[in-house]
Amino acid sequence: MSNPSVKRGDIVLEARGITKRFPGVVANDRIDFEIRAGEIHAILGENGAGKTTLMKILFGLIQPDEGEIYVHGQKVALHSPLDAIHLGIGMVHQNRKLIPAHTVIENIILGHPKAGSVPDLTKTRGEIAELCDRYGFKIDLKAKVWQLSEGEKQAVEILKTLYRGARILILDEPTSALAPPETKKLLESIRIMTGDDLALVPFITHKLPIVLAISERVTVLRRGKVTARLRTTEATENSLAREMVGREVIFRLDHVEVERGRPILEVEGLSALNDKGVPALKGVSFSVHEGEVFGIAGVSGNGQQVLAEVLAGMRKATAGRVRIDGIDITRSGCLERWKHGMGYIPSDRIDTGSIGAYSLVDNVLLNYYFDGAFSNWGIVDSRKTRKLTEDLISEFGIATPGPETAARSLSGGNLQKLILARVLSRKPRLIIANLPTQGLDVGATEFVQNKLLEAKRQHAAILLISEDLDEVLSLSDRVAPIYEGEFMGVVPIKDARIEDIGAMMAGMRQKVAQP
Amino acid sequence: MKLGGYELKLEKKIRVSAWEATAISLLAILIGLALVGLIFLQAKVNPLTGYKAIFSYAFANKFGLPLTVNRSVFILLCTCAFIIPMKAGLWNIGMAGQLYGGALAAFGVALALGAKGSQTPTLAPGLIITLMMLAAILGGAVIGAIPGFLKGRFNTNEIVVTMMLNSIGFWLIAYGIKEGGPFMGGGGEGEGFKLAESVFPPKVLGGAFTIPLALGLAVLLYLLFARTTLGYQIKAFGQSPSAAKYAGISPQNVPLLVFILGGMIAGLAGYHYFAAVPGVYKIPLNYGDFGDLSFYGIICGLISQGNPVAAVPFALLFGGLTNGGRFVQGQLKLGYGIDYALLGVLMITLVAFQFFYRNSIVWKKMEREP
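Chains W and A supply the protein sequences, listed in that same order. Here the working numbering is used: position 408 in the first sequence is 408, and no number is missing along the way. Here the working numbering is used: position 169 in the second sequence is 169, and no number is missing along the way.
Chain W with its partners taken away, still in its complex shape (with noise of 0.2 Å):
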């Protein structure tokens, strides 16, 4: 394709000394790397390291105020993304640009300029399951997107780079949204690329297994400088995670006992429909007791967001019964479900959990402004709230500012934070965590978890919602893994074996039958 020449080992992209700055902040700060061919060189970064923006850079989506790009040993000037697609550079992104109601092949062809007005549709099959057959992608190329899961729709967007002519390709956070079987197969699909002399560069901000599995070099990445640059021979998960957030981070969280006192949520046969009108829960029934961490483990799309959302209040359910410390809550509406001593915390933090345009003592009070202590008349009390977002900020160490800030100049880290203060300073008797740490760096995630085990020594009822294995392991005291809906068991912690918890995640149900 672009360069046929080129040798395993040969240096195919370098950078030197990229600066960007944006107001406020260098986002970039002299930044060096050199990407070889036949190798998966990953960058790793916090949230708000700059890896976003270095990620823009090479793409030409944005441009340097300083540094240099070397392609093939050449100067190149980056002014737009056709320039890297011209210089065989190609960029999967962390939310899918496909189209939906399209087939796998209409959207790789899309755009292409081989295709022309009437695309040769026989040959270009031809092309693309040749391209399958070489790096081990199982697509069914006449499927319509939509049909396809998300490591189906990944393996579309990396044949459609590749059917371009890319021979490096930039990944945006590839594992994020993948269950663990597909995870592995997209790994496996990873190596084989390699073992064509293309240039792999996935950038990531968590999941330092991965990491260290499938990368041969590193560069790490903090408040836009790089803090290492590795061969993955020569690291640990520790020491990544250390040049990361620059300072030590325990993986292994402590299990929290606290004694399991009465039951506070108690769900009987809840079913409801999802946005399509499709039955998405199916007769859950659980209950989740004060003092314990309820975790229900599953890969995105089986049904945990509708029943997050249904038990909020925020969706209607069809049929079942919900009860909070023993008061039945199925028809009441969610401000009622907030002064009962829910407290939810949603997985969309953009625009269910926050609003962008409000100050931070705005977003704080979208907890509170029914809160009888924080109005007087109708009138909010807006010295208290103030007062109140001041504290929560110092106790959470929200990175911002001041009180006046909007919400939406906040990172990911901080946002969740400020919902995780909002919810939880109103000492709610249930906690519902739908995703509290995706999308997050290493430090914020220890940061979320800690602080819901806080809650739970004070006897919180916690229902964990999350696609991380690892976290819903080490968090919960049960498990509950949910699959098309259903949960497939409900596993005590000491019982809980990873390899079970995945395969009933993936549909199996549990052998064993409950104690």
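Calculated from the structure, these hints are not laboratory results. Hints may contain errors.
[Unchecked claim] Restricting the straight-line Cα-Cα distance to at most 25 Å, the calculated cross-link-like pairs of lysine-lysine (DSS-like) are: (1) W:K56 x A:K12; (2) W:K56 x A:K9; (3) W:K339 x W:K427; (4) A:K333 x W:K56.
Since the structure of chain W is provided, determine the placement of chain A on it from the hints.
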């Protein structure tokens, strides 16, 4: 754009101060006036003479000024009626229908209580005046509740519903005041009946008492959104329906509430012009013009970015220009529609200049190309 080593760049603004906003608006008005000046030139009229005539009639003439103030207050009320749903992210295009509803209700009360023309009212006049005003507010609220309810319950497009109700309101009034209708005036000229003199509302400083009422309402509305939990909930819903739902703010009730509140104020606008402005006291033949005038409320609401107090000077400007423009058209023998052209161009420049609320243009020294 590049020019001699410098580059013209757009930069996003984080926030705009009140001073900047004022300066931007004034600049927009000046440019709009300059553009319309070209029309004056084309009609062989010195623009300065034209504008002098417009502004002196609108703001410094003993016949023109009261007219300007009454129209401006009408526009201000319509602006408030637009702003409340706007804060909830909804478009009230139905001030016309709502004010017609208010007018019908108010004059219905007058009719029922014998306050028509030369009749002697059956109740104390003070009570009838109060009842008429409440009826106007209620009538506007009922018309407003329709799109609000449909929006909250069935997610119906509120723009379409309010527009259709404008038409319904227009023809209901036509039915009421034209030949044979229950609200028909004595002369048979297609006007509504005139109120009995005893139920003319009291005046404040020689003008309609609704003038200070409207100004007070604008301030109250400002406080509603700046300080209260109710205003907070409405704004939160407007910013992010999903976050509002999460926080327990009802997605059914907010649209209903804001449209009822908006309708109430639009109903009051109808009461203001038809029952409180000295010398009118009836639903006039040209009531449709007031429906058209109500649309300036939309533009005032947008230009003032939903701040009802900031809307006051804009309402005054538009009220004055509709009034002065029409006068000058006759006095200087300009072509038909110069007043509409003036307002149209001004609206466009004002809206176009809103771009600078969010962006600023800066000259930057270019980096040398390698």
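25 Å Cα cutoff - pair K56 (chain W), K9 (chain A) = holds (20 Å)
Restraint check for K333 (chain A) with K56 (chain W), where alpha carbons must lie at most 25 Å apart | At roughly 62 Å apart (the allowed maximum being 25 Å), K56 (chain W) and K333 (chain A) break the hint.
Restraint check for K56 (chain W) with K12 (chain A), where alpha carbons must lie at most 25 Å apart = holds (19 Å)
Restraint status (C-alpha distance of K339 (chain W) to K427 (chain W) at most 25 Å) | Distance ~11 Å between K339 (chain W) and K427 (chain W) Cα, so the pair holds.
Hint 4 alone, counting from the list given before, is not met by this structure.
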